[in-house]
Amino acid sequence: MPTSSCVPAPLLLLCPNMSLVNEPRVNTSALQKIAADMSNIIENLDTRELHFEGEEVEYDVSPSDPKIQEVSIPFSAIYNTQGFKEPNIQTYLSGCPIKARVLEVERFTSTTRVPSINLYTIELTHGEFKWQVKRKFKHFQEFHKELLKFKAFIRIPIPTRRHTFRRQNVREEPREMPSLPRSSENMMREEQFLGRRKQLEDYLTKILKMPLYKNYHATTEFLDISQLSFIHDLGPKGIEGMIMKRSGGHRIPGLNCCGQGRACYRWSKRWLIVKDSFLLYMKPDSGAIAFVLLVDKEFKIKVGKKETETKYGLRIDNLSRTLILKCNSYRHARWWGGAIEEFIQKHGTNFLKDHRFGSYAAIQENSLAKWYVNAKGYFEDVANAMEEANEEIFITDWWLSPEIFLKRPVVEGNRWRLDCILKRKAQQGVRIFIMLYKEVELALGINSEYTKRTLIRLHPNIKVMRHPDHVSSTVYLWAHHEKLVIIDQSVAFVGGIDLAYGRWDDNEHRLTDVGSVKRVTSGPSLGSLPAAASESVASLSLKDENEPDHILHIWKNADDTDAKLKGIGKPKKFSKFSLYRQFHRHHLHNTDSISSIDSASSYFNHYRSHQNLIHGLKPHFKLFRPSSESEQGLTRPNADTGSIRSLQTGVGELHGETRFWHGKDYCNFVFKDWVQLDKPFADFIDRYSTPRMPWHDIASAVHGKAARDVARHFIQRWNFTKIMKSKYRSLSYPFLLPKSQATAHELRYQVPGSVHANVQLLRSAADWSAGIKYHEESIHAAYVYVIENSKHYIYIENQFFISCADDKVVFNKVGDAIAQKILKAHRENKRFRVYVVIPLLPGFEGDISTGGGNALQAIMHFNYRTMCRGENSILGQLKAELGNQWINYISFCGLRTHAELEGNLVTELIYVHSKLLIADDNTVIIGSANINDRSMLGKRDSEMAVIVQDTETVPSVMDGEEYQAGRFAQGLRLQCFRVVLGYLDDPSEDIQDPVSDKFFKEVWVSTAARNATIYDKVFRCLPNDEVHNLIQLRDFINKPILAKEDPIRAEEELKKIRGFLVQFPFYFLSEESLLPSVGTKEAIVPMEVWT
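In terms of full-length UniProt numbering, the sequence shown opens at residue 1 and continues consecutively.
Keep in mind that the hints were calculated from the coordinates and are not lab data. Just so you know, these numbers come straight off a predicted model, no measurement behind them. Each hint should be verified, as a subset may be incorrect.
[What the hints assert, rightly or not] Dumping the calculated DMTMM-like pairs for lysine to aspartate or glutamate here, alpha-carbon to alpha-carbon at most 25 Å: (1) K1055 - E961; (2) K353 - E341; (3) K773 - E828; (4) K830 - E881; (5) K130 - E221; (6) K1055 - E1045; (7) K151 - D285; (8) K346 - E104.
Please model the complete structure; the sequences and the hints are all you need to start from.
This is the structure in structure tokens:
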């Protein structure tokens, strides 16, 4: 082997792995002088007895000693691993001794001339960690020689940084080393082994008290430890050691290139680490984690050439990979296989089992969980949890908008804007990992590329992946649909709410948003300003009529801040003043920051400083964009105006009008889909003529072991994507490691308002989405099971309702389970109620007044096919046996609201995006899965859900009898009922019993029918039961609307509206074929896209 001309051969022989790259060139004569003495040094390296008296060593210290504090290795250390031969890596717990005991000697006799083998079992203890290693005496001898060589080598003044560091540490080390016994074991009698055990134990004890040798890589390898051995959150110390592994074995859909088959592979030396729920291997030279294999129900170990096609081979299988390892001997392979299996059976047995519904996750008992109705509280808790993150934040969404505000109204500048939160936490050292669905750009306009580009340039600690790559994976039709936020693998948010535009909403479901807000502070009113200030106000120039956008308004009083129009509509009367023209040139929708308080305050403070208005104007300004129709007709809010709904923001008293939705966040996607997402603060629809579409959604938070399970799904997807996409194989995109379930109870943060319950995670996952051998459809199984086993009622909110299997086009069984449950209750003469709340129209862009777009009509077809059209529909199945009595069992509803916008009455449906099932006030399923084949079958879209079963109960009533209802389930059901029925501020109505005739017929059905009738009378809403075909549709929309013909009478009618609930129109376009017409682009795509 050629060597560098400036390095002597003896030096290379002493340290053959020493790298010469990037090392400074040194004086040749100096190295030659060193080389002259090298032979003498090497000749003196032997295993002779060496004295130990008088040496300086570490002393055992009691853990109670206040001078010594055990310092745990942080979990974040997994992202900072180094090469095994680096001198300054942290392997041990600081201030904690490592103790060794030789427990026993196993003697293996042989009939051949081969000497007998004696195997010593060594038990080691380090802090909370305890493990065993098995070593032969020859291993001790090899280890001792390595230390002697290291001791000699370290005293050679080689001018490299690594060597200089070691030499500095050796100066205070003892010059002598402990000795090894010199006599051979072959002639020893049985009783002599006790002494030999004691000698070896003393030898290890003394070595481990000498920091120089304890930290040497040969020592850590001898003890089977590494940088990941003693990290508390990785669980107990497992099996470790150097192995040879074979490349390939991954299950990557669509990849059939060289290297994945049996004929083409390579062997690499790796350090294998086994933990309680996974194993990994590292590259010794760099310390990088090179692969993570999760323990699952398919985890199996096989040994032998027949199973591995390798001499002395070991095969490890799971759902994602077949990993082949090569050992030194057949006995060594058997030991590895047995040790791994024994350790996993002891510490990770739960991961090996088949769990309920076929889920990857076990039922986690006594877990903390919380529900959310609408995104206001959900976003706030997500923001607070992110603020508490210490190590990791995982996020995966179908769509993510970096510039959305998680706390509204915006009264703290950009502090709670998502990208600002992530950047702040990244700067604090938190690692942030985000996975986005990579859309087919021709079909969807969510612009995930912009999201990724925006996030990764915030900070190096933010890593973003997109998946799938459509060409290489051949996945065009399916999507990653989970919505997850996971904090430190200890708190996880699971539900249907993306961190994206249009999702934020509260229980008021406002239609309009034209104002801005500032928190009211104490101060003088405008009327009490000093004369000088009043003159300054009077001298402010009026706004140019041709100058659009934002004006700073000053109110004289704030007496009626509680009087708000329904939906926060246009104010009636107030006095208006304008500031300098330069202020208006700063268009908020073109900036990188959209905080009405932050931005407006900075501009306002600048200008008012010149006008001496500091003390007089600060409490009384607001930012507001006026109507183009009337520059001078803006008036103060009038408490006498109809359709009043109080403003409850949760941030104290607010002055002026609140702007909740900025730029692209103000949306109505049926009217117009999102465009130009790279301009987040520019409006894309006119908020002064088009009402927004309110968003109704459900989510949850889980803790502890359940959160670990959510994180495990994220980690599996992340690691699979890293393997599958070559651009993510660099070290800058690390493999993620699941934390141990053994430490899951150690919660550093808890979401307020959580209750204890039994929690299980469910998912839809397959080979394309998670890289697993068999697909999982545990959400589907759970839905069917809960429906079939319910006793009193089922409450469903969902974005889609596509079911009732014909095994040709639709395959999921949710609708069939509902129909069969109702028929069973009828046959047994029992009361049973089913509540179904879905959107009145699918969430696709299209003008419903002309019949809607092809995509919108296609979804309408399958929704109607499930509910009421055809013999396979729910009503079709029920009517065959019940006739018209079906109405006593099931109700289909949607949500709608109204407001006043620029002096005109407007209405819009509330888009139900929830994915919720509640049964019997004791069982809840919340997640991202719609009721359709895409979400339910597992092979299509990837989804995540949680099933919560109550363990804490409260007294209640069910079907007129006393009943112990679950705290979690009943609390969520009551909140949903209060929101949709309008009972949030009126506890007078009894909604405790969801089964009674009084509630079902006189409250639920009656409210839905009354509201639908009033909306039809005032607005002639679509969809409508009067419209059976397109001809009737044209006639219907040309008839006069009461809201325009007689607004006063219309307002009187609207005062009778309560809540948002309306009946679902069964007969809309019932005489039309709603499937895409031949020749349209929607007709080209496979039918399963719509189902």
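Practice problem: Mind listing which of the numbered hints don't hold for this structure, in increasing order? | Solution: 1, 3
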